[in-house]
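*Asks:* Chain order of the listed sequences is X and C. Residue 150 in numbering that gives the first Met the number 0 sits at position 151 of the first sequence; the count goes up by one each step and never skips. Residue 137 in numbering that gives the first Met the number 0 sits at position 138 of the second sequence; the count goes up by one each step and never skips.
Think of the hints as simulated: they come from the structure by calculation, not from any bench. For each residue, glycine too, the CB sits at the ideal point set by N, CA and C. It is possible that some hints are incorrect.
Stated by the list, open to error - So these bits of chain X aren't anywhere near chain C, every CB distance computed over 12 Å:
hint, residue
1, Ala4
2, Ala45
3, Arg268
To be verified - A partial selection of chain X residues facing chain C, derived with a Cβ cut-off under 8 Å:
hint, residue
4, Leu17
5, Phe144
6, Gly243
7, Leu246
8, Val281
9, Met285
What follows is each chain in one-letter form.
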Amino acid sequence: MGRYAVFRLVRLIPQVLLVVTLLFVLFRLLPGDPAQLIAGLTASAAEVARIRHQLGLDRPIWVQYGAFLVQAVQGNLGQSISYGLPVTTVVAAHLAPTVELMATSVALTVVLGIPAGVLSAVRPHGLLGYLSTLVSVVFLAVPNFWLGLLLVEWLAVRQHLLPAVGWSGPASLVLPTLAIAARLVALVARMTRSSMLDVSFEDYVRTARAKGLSGARVLFGHMLKPTLPPVITVIGLQAGYLLGGALVIEVLFAIPGVGQLMVTGVATRDYPLVQGITLFYVAAFMLINLLVDLSYGWLDPRVRYA
Amino acid sequence: MKVKVKVRARDLTAWIGALIVVGFAFVAVAGHWLEPANPTAENLAAALLPPGPGHPFGTDPLGRDILSRLIAATAVDLWITGAGMVAALAIAVPAGLLAGHRGGRWDAIITSLSDGVLTFPTIVLAIAIVSLLGMGTTSLIVAVALTTAPQLVRIVRGLAIGLRDAPFVEGARAAGSGEARILGRHVLPNIIGSTLVAASLLASQAVLIAAALGFLGLGVRPPAPEWGTMLSDSRSYLLTDPSLMVLPGACIALFVLGLNMLGDGLRDALDPKLRGRV
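Hey, can you work out the whole structure from these sequences and the hints?
*Replies:* Put into structure tokens, the structure is as follows:
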């Protein structure tokens with residue numbers, strides 16, 4: 000397991016280099032002049048040139064690229080224009096709500112989705128089986144921001160059960176989490192169901208039943224663990240949705256997280272901030288995929304030795 | 000007997016999906032003649048009217064006819080999705096064919112480039128693109144194309160690899176056809192069906208990206224109507240006029256549902272191999 004983890008970490012290095020390069024190329028295509036933006040429209044040409052020099056934008060593109068690479072790897076993402084602080088500081092200050100929101104969404108997905116899938120697999124032709132299929136078809140089509148609005152209207156505006164928007168204690172996490180997790184729960188339930196149905200035809204399951212183990216022991220002792228890898232794959236494939244969904248939902252619910260910070264950054268044309276947050280999301284995406292790959296190694300020994 | 004029923008149910012999914020998609024496409028094309036009123040004409044005296052004669056779905060806070068705005072928005076959203084998907088195909092089909100058929104260095108470059116772009120969460124990449132290009136329909140089309148193309152590249156590449164050493168390709172090669180001719184005459188016709196199926200599934204993601212950007216205030220420029228933008232505008236009226244947010248959201252959901260059903264149904268009917276890969 001340790002060797003597999005090291006191998007997987009080493010493979011991350013070229014990926015990081017590639018992504019940082021893509022980010023550099025993307026943001027160099029920016030039509031505006033960042034030095035002009037920082038100096039303001041009324042600044043003199045000399046002032047703009049001074050800032051350009053200060054930012055290193057007058058150096059050859061290869062030198063800029065090298066410097067960007069070194070700084071990004073060191074975790075230095077430059078200076079936010081609107082905050083006048085290092086981008087990493089600004090992002091760190093907005094990190095907690097985003098991480099909390101994503102953690103509760105994943106937790107809800109696992110706690111609801113896997114049991115729902117298991118239950119509907121135990122009785123494939125039961126009501127729950129059909130219900131989970133129907134619900135997943137619907138939730139794959141409903142955009143999370145619309146679901147969020149409907150939840151606010153129903154549970155906050157009409158029923159006064161929960162706060163509508165804002166960030167004040169655990170109650171304000173409920174609606175945003177539901178809005179993000181609905182699609183994930185549907186997908187995970189569907190995948191758990193089909194994976195468990197596949198596993199139920201395995202020889203070792205039949206053997207376990209034949210030697211007289213109770214249904215529950217077969218289910219939890221023999222079937223659950225081999226059911227999980229495809230389910231984890233689905234969660235991993237949805238990492239992009241999780242990050243992007245949290246971003247949109249933060250804006251909807253006025254949650255002071257990284258996502259809202261990014262959208263504000265676009266509006267104020269704070270391009271170092273937008274660039275830094277983009278890199279933050281990419282890093283988060285890679286981290287989730289790393290965890291997913293490591294969990295394969297844990298769940299399926301064949302992966303470790305491949 | 001059992002098999003027959005299964006096939007029919009599958010086809011039914013594709014047909015319902017096709018019906019929904021074609022319906023939206025009809026509204027998008029014929030929209031101008033269907034709109035009961037000018038979708039951008041403001042009339043504050045007639046603001047927030049309930050559904051009634053002349054305004055089947057009522058009016059919005061600026062007195063604009065909601066039905067007309069929904070119809071006009073259909074054209075905008077379908078144009079962004081359609082143009083974005085065509086652009087994505089125009090990038091992905093040649094790139095994927097080159098990577099899959101040629102292999103070697105081209106494959107390494109194209110694959111690592113598309114994998115690199117895929118490490119950006121789609122919405123984040125789309126926001127970054129709009130922040131660089133500025134708001135507007137063109138930016139949305141570029142955002143849709145660039146976020147979708149890498150996924151299509153992977154699919155086209157996989158399909159092309161599968162045909163690289165197919166007997167009819169070897170035969171054409173033995174008969175002296177050049178590689179360009181082989182790609183155009185033999186490989187492309189055999190992968191285009193599966194590619195379009197994959198594209199129709201990815202199109203639903205494209206709709207959601209466009210609408211999400213609109214919702215974030217990074218979509219088309221006002222006063223042009225767009226589903227996501229309309230949803231965003233409705234937020235200030237949740238307390239007084241919650242009905243404003245129902246129809247734009249329902250349009251997005253129904254269109255996405257139609258695309259998903261069409262794509263799923265076609266995939267299962269035409270190409271079981273693709274199952275689970277898209």
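*Asks:* Under the constraints set out in the numbered hints, which ones does this structure not fulfil?
*Replies:* Hint check: 3 fails alone, others pass.
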